[in-house]
Every structure is written in C-alpha cells, then in structure tokens.
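Colleague: Below are the chains, spelled out letter by letter.
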Amino acid sequence: MRTAGWRRDWGRRLVVALPFLWLGLFFLVPLLIVGKISLSETRSGIPPYEPLFEIADGALVQVRASLANFALLFEDDLYVGAYFQSLTIAGLSTLACLLIGYPMALGIARARPERRSILLLLVILPFWTSFLIRVYAWMGILKDEGLLNALLLGLGLIDQPLIILNTDAAVYIGIVYSYLPFMVLPLYASLEKLDPFLLEAAADLGAPPWRAFLAVTLPLSAPGIVAGSMLVFVPAVGEYVIPDLLGGGDTLMMGKALWDVFAQNRDWPAAAALAVAMLAALALPMALFHHLQARLDGEERA
Amino acid sequence: MRRPVFLLSALSFGYAFLYAPIVLLVAWSFNESRVANVWGGFSVKWYGELLRNEQFLEAAWLSLQVAATSATAALALGTLSALALVRFGRFRGRWLFSGLIAAPLVMPEVILGLALLLLFVALEDLTGWPDGRGFVTITIAHTTVGLAYATVVVRSRLAQMDRSLEEAAMDLGARPVKVFLVVTLPVIAPALAAAWLLAFTLSLDDVVVASFVTGPGASTLPIEVFASVRLGVSPQVNALGTLIVVAVAAIIFTAWRLAGRRKP
Chain A
1 MRTAGWRRDW
11 GRRLVVALPF
21 LWLGLFFLVP
31 LLIVGKISLS
41 ETRSGIPPYE
51 PLFEIADGAL
61 VQVRASLANF
71 ALLFEDDLYV
81 GAYFQSLTIA
91 GLSTLACLLI
101 GYPMALGIAR
111 ARPERRSILL
121 LLVILPFWTS
131 FLIRVYAWMG
141 ILKDEGLLNA
151 LLLGLGLIDQ
161 PLIILNTDAA
171 VYIGIVYSYL
181 PFMVLPLYAS
191 LEKLDPFLLE
201 AAADLGAPPW
211 RAFLAVTLPL
221 SAPGIVAGSM
231 LVFVPAVGEY
241 VIPDLLGGGD
251 TLMMGKALWD
261 VFAQNRDWPA
271 AAALAVAMLA
281 ALALPMALFH
291 HLQARLDGEE
301 RA
Chain B
1 MRRPVFLLSA
11 LSFGYAFLYA
21 PIVLLVAWSF
31 NESRVANVWG
41 GFSVKWYGEL
51 LRNEQFLEAA
61 WLSLQVAATS
71 ATAALALGTL
81 SALALVRFGR
91 FRGRWLFSGL
101 IAAPLVMPEV
111 ILGLALLLLF
121 VALEDLTGWP
131 DGRGFVTITI
141 AHTTVGLAYA
151 TVVVRSRLAQ
161 MDRSLEEAAM
171 DLGARPVKVF
181 LVVTLPVIAP
191 ALAAAWLLAF
201 TLSLDDVVVA
211 SFVTGPGAST
221 LPIEVFASVR
231 LGVSPQVNAL
241 GTLIVVAVAA
251 IIFTAWRLAG
261 RRKP
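Chains as they are written, first to last, in the working numbering: chain A, 1 to 302; chain B, 1 to 264.
One chain only, chain A, in its complex shape:
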C-alpha cells in the first residue's frame, strides 16, 4: 500500500505543478519584469531600457533604480488625465451596465423555465462573435452620416446630424454594449437561486412589490452585482480597442495611453510604469474579485 500512496502523492504533485509552473513562468514572472523595468531608465537601443543591475565578477556593482518614470506620470497632465478619465468612464459604464443588465437578468430569471435557456443563450451569443467586428459595426451606426443620424433626421427629431463618433459618448456606448453580457450572466446566476417563497412571504406580510424588491431581491443578489461590476469595470479601465476606434483625440484612457507610449514613443519603461499605476488602481477591485472566487471555492470544498 505504501508504494500506491507514494505514487498517488507524486501524481497529485504533478497535477498541481504543471499549471503552477506555466502560470509562474508566463504570468507571475512577466508581471515582476514589468515592475522591474518600470524602475529602469529609458535609452534608445534594443532593448530600449537600461539594465537595472550591473553584475561584474559575480558581484553586484551598481543598482540603477529610479522613480523617474513614475515622476513623469504624475507631472504630465496627459497621464493624470488618462488615469482619472479611465476610472470615470469605466465607473459610469459599469453603472449603466447594471441599470440595463439588472432588469434583463431579473426578466430572464422570472421567465418560464423552458424559455430561460434560450434567453440566456441569446445574451451569450454576441460574446462569441468577434468583439472587434461588433465595435466596428458601431462605427457605421454612430458616424455623422451613419444610421442613427439618418434615423433621427428622418423622424424629424433633429435637424442636423449629431456628432457622436470620435467622442466620449461613443466610448460609453461601445463599452456598455461590449460588456453587458458580463453583467447579465453573474446577476442571473444569483437571481436564479433566489427562493420565490421569500417574495411570497414578503407579499403575505403586506409588503408592496417595490419593498419586497428592496428588502429581499436586491440584498440577495448582491454577490451577482459585485461579480458583474468587477467583470465590467476592470477590463473597461484597461480597454484599448474601444477608445481607439470609437473615441476622439481628447478621449484619454490608460490602456490606449500605454499602447501609444509603447508603440509610438518606444518608451518601454514609461509603458511599464503606466502598467504598474494601472495595477495599483485596480488592485482593490481585483482583490475583491479574488475574495469572491475564494468564497465560492470554500463552498465547493464544504
């Protein structure tokens, strides 16, 4: 029996070790490198940054860490602006997703059981089709001579085309559109579990529907609200494609700023510093998400 136990032990170790090593090498180490390079000085060359340590004869000769890249971020209004604008755009878009997504999720959860799966499928379906091409479709809808303007002009609601494409408004529409399914799915998951008898009990006790909603439905769906909001907010802060295609010159978002610094200025240390600043802003929501996952994890084990 001892050999079997020994073999099982090694088998288990292998099962954990393979994904662990993969994520260590291709996820954790790269993030550490970003942290390291954010402290190095920029130079022109390949790679375009100075080495952080110089090692000669096996001894550390010099450590050249500097916070210059971070100082630059704080001095430059462009980056400070991008920082706050990203958080604002992502926050308001998350709120809009919640306002549109909550009634949708509730509607699906209250639908007849045989209809639920098709309704849910219809929410997921757009997510499986190309994100890039769906954002591109919005360019055709929102541009000056686009469909929305043609429609509004035709109805006589406006007498000259609205300028929406290449403004912040288009970015909001794009983000809400792209991330809505990520809000609806966790909301539905928590609303579906809700025991209808609780609502009946509230009604029997004389609570009007709005009160039953506020006292029963809303608090019990809180985990879904938190999970959905994280799944929208975090990627929206770092969004690059949507502000690039739909936004204008004055739409500054961190993801786009990072790409521009990296690709156009070839300033890798500054891009790395931006990445670190972005991670700092997202650390709290990401930790919250992990905490929720860990709780789910605990339920599984129990």
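A portion of the hints provided could be inaccurate.
Listed next, the stretches of chain B that the computed footprint assigns to chain A, with coverage defined by at least 3 CB atoms under 8 angstroms from CB atoms of chain A [claimed, not checked]:
| no. | region |
| --- | --- |
| 1 | 73–82 |
| 2 | 109–122 |
| 3 | 198–210 |
| 4 | 246–252 |
From the derived model, a few chain A residues whose C-beta atoms are all more than 12 angstroms from chain B [to be verified]:
| no. | residue |
| --- | --- |
| 5 | E75 |
| 6 | I164 |
| 7 | L194 |
| 8 | D195 |
| 9 | D204 |
| 10 | L218 |
Derived DEER-like restraints, expressed as beta-carbon distance ranges [to be verified]:
| no. | chain 1 | residue 1 | chain 2 | residue 2 | range |
| --- | --- | --- | --- | --- | --- |
| 11 | A | I163 | B | L64 | 35 to 41 angstroms |
| 12 | A | L214 | B | V5 | 16 to 22 angstroms |
| 13 | B | G217 | A | A17 | 32 to 38 angstroms |
| 14 | B | A159 | A | R115 | 24 to 30 angstroms |
| 15 | A | F213 | B | A122 | 51 to 57 angstroms |
| 16 | A | F213 | B | F253 | 30 to 36 angstroms |
| 17 | A | L198 | B | T254 | 34 to 40 angstroms |
| 18 | B | R90 | A | R266 | 42 to 48 angstroms |
| 19 | B | G89 | A | G81 | 44 to 50 angstroms |
| 20 | A | F213 | B | V35 | 44 to 50 angstroms |
| 21 | B | S12 | A | L152 | 17 to 23 angstroms |
| 22 | A | P223 | B | E49 | 48 to 54 angstroms |
FYI, nobody ran anything at the bench for these hints, they're computed from the structure. Note that CB positions come from ideal geometry on N, CA and C, so glycine has one too.
Could you slot chain B onto chain A? The hints should help.
Modeller: Just chain B now, with coordinates in the frame of chain A:
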C-alpha cells in the same frame, strides 16, 4: 401586474441593443454600395473580394492554428488545475495557486500583453529562445488566458459532479488515473468541449495581446482586421463579420439542441 410589463420592455430593449449592430452588419455585407446607408442593391461581391484577399486568408490560417493549439494546451492545463482546486482540498500554495488562476480573468489585456512581451525579450536575451516572435509567442500568450477560462468552466462541472460513481470505481480497485480516464472524463466531456471552444474563441478574437507579442510578418486575423478598420469603412469586414456570426450561431444552436435533447 405592472412588473412583467417593465421587465418585458427591459428585455426587449436589451436584446435590441445587443443585436442591432449584428443585424446591420449582416445587411451591410450584402449591399452593393460601398456607402453603408445607401442601398445599392443586393450583392455578394464583398464576399468575393474577401475570399480573394490574400492578406486576410493568410492571417486567418495563422489565427486558426494559434487558436487550435492554444485552446488544446489551455484545456489540458485548465483541467489539471480544476482537478487540483476541486479535488485536492488544502495543499501547500493553494492560496497563491487559486490567485494565479483567477488573476488572468481580470487582468487588463494591455498589461498582460506588455508583460509577456517583456518576458519574451528578456528570455531571448538570456537563452536565445524564443527566436523571434510570432506563432509560438502568440500561442503561449493565448494559452495563459485560455487556461484561466478553461479552469472556470471545468471546475464548476467537477464541483457539481456526483462522486459516487468515482467512489464505486475506486472500491472496485481502479487506480486514480484509470478512474479519471474511464469515469470522470466521460462525465465532464461536455464541459471540456465548452472550455475548449471558449479558449478557441477568445484566441480567435484577441487583438491586443497578440499585437504586443507578435513580431514582423506574423499577423493574426484580428490584427489585420483592426488595421483595415482603423483606416475607415471596409465592406469586406462586414462580409467577414457575417461569416463569423453565421458560423458561431450554427455551432451554438447545435450544441444547445444537443444538450436540450439529452435532458429528460
């Protein structure tokens, strides 16, 4: 009852919002005219141009190879990590492990892309590998993202699974590996298929991470599409989008019908 009316209109608005761009895309793809909102008559000429576009075809072939390879690797690694998380109870490093698995789900793409690029540059500097960037580096990056998603899908199925079958097999003397192959795998097979498809789709759809970690001469389809879309309206992209929508809808509805039929 006022509520159902409110919920019904919310649902209608939501679905209209989700589907309007897709419906318009399909309509535009058959428009003879280059200007989207002027109907120039029904035509399939953009499909013809799409199929003659060597750049798109080459990029599509690279994308399919990357997506198939990375989805397979992600599924294998994701199944292992799901097993570890659901079945192993507490083990040393579990906290770090589950954090590492969940983090790519919420990591902004620009950060992941930049981080992996810096890793590949540093590795090449130190070891000479990877020699240049392209298929291998994009596949590695997509495997990392796909692994996180595959784990979520496989894990939830494993957690729901009735363990009595596995226990019965163990009681009959089957080794853990055999139990896994003969009992567990067939039960979780639909989840494995879903996880593979999810990783495949994510890879096929990614433009940001791929743009960071690719090198000269290796463009995936989304990179090509993004470049042509940035220059303005491109009717070929409408045709491409329509083909993707049709393919995805066909696969998903088939899977849905199959899953629905199996249930009593």
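Colleague: Work down the list of hints and note, for each, if the structure agrees.
Modeller: Hint check results:
1. 73–82: Per the Cβ count (4), the hint holds.
2. 109–122: holds (count 11)
3. 198–210: holds (count 5)
4. 246–252: holds (count 3)
5. E75: 22 angstroms, holds
6. I164: 14 angstroms, holds
7. L194: The claim holds: L194 of chain A sits with its nearest Cβ about 14 angstroms from chain B, beyond 12 angstroms.
8. D195: The claim holds: D195 of chain A sits with its nearest Cβ about 18 angstroms from chain B, beyond 12 angstroms.
9. D204: Given that every Cβ of chain B is farther than 12 angstroms from that of D204 of chain A, nearest at about 17 angstroms, it holds.
10. L218: Per Cβ check, L218 of chain A is outside 12 angstroms of chain B; nearest 14 angstroms; holds.
11. A:I163 to B:L64: 35 to 41 angstroms: Holds, since I163 of chain A and L64 of chain B (Cβ atoms, about 39 angstroms apart) stay within the stated range.
12. A:L214 to B:V5: 16 to 22 angstroms: Holds - the Cβ-Cβ distance for L214 of chain A and V5 of chain B, about 20 angstroms, lies within 16 to 22 angstroms.
13. B:G217 to A:A17: 32 to 38 angstroms: Given a distance of about 35 angstroms, which is inside 32 to 38 angstroms, the answer is holds.
14. B:A159 to A:R115: 24 to 30 angstroms: 27 angstroms, holds
15. A:F213 to B:A122: 51 to 57 angstroms: At 54 angstroms between Cβs, range holds.
16. A:F213 to B:F253: 30 to 36 angstroms: 34 angstroms, holds
17. A:L198 to B:T254: 34 to 40 angstroms: With Cβ atoms ~38 angstroms apart, the hint holds.
18. B:R90 to A:R266: 42 to 48 angstroms: 47 angstroms, holds
19. B:G89 to A:G81: 44 to 50 angstroms: For G81 of chain A against G89 of chain B, whose Cβ atoms are near 49 angstroms apart, the range 44 to 50 angstroms holds.
20. A:F213 to B:V35: 44 to 50 angstroms: 48 angstroms, holds
21. B:S12 to A:L152: 17 to 23 angstroms: With Cβ atoms ~20 angstroms apart, the hint holds.
22. A:P223 to B:E49: 48 to 54 angstroms: Given range 48 to 54 angstroms: holds, Cβ gap about 49 angstroms.
The earlier numbered hints are all upheld by this structure, with none contradicted.
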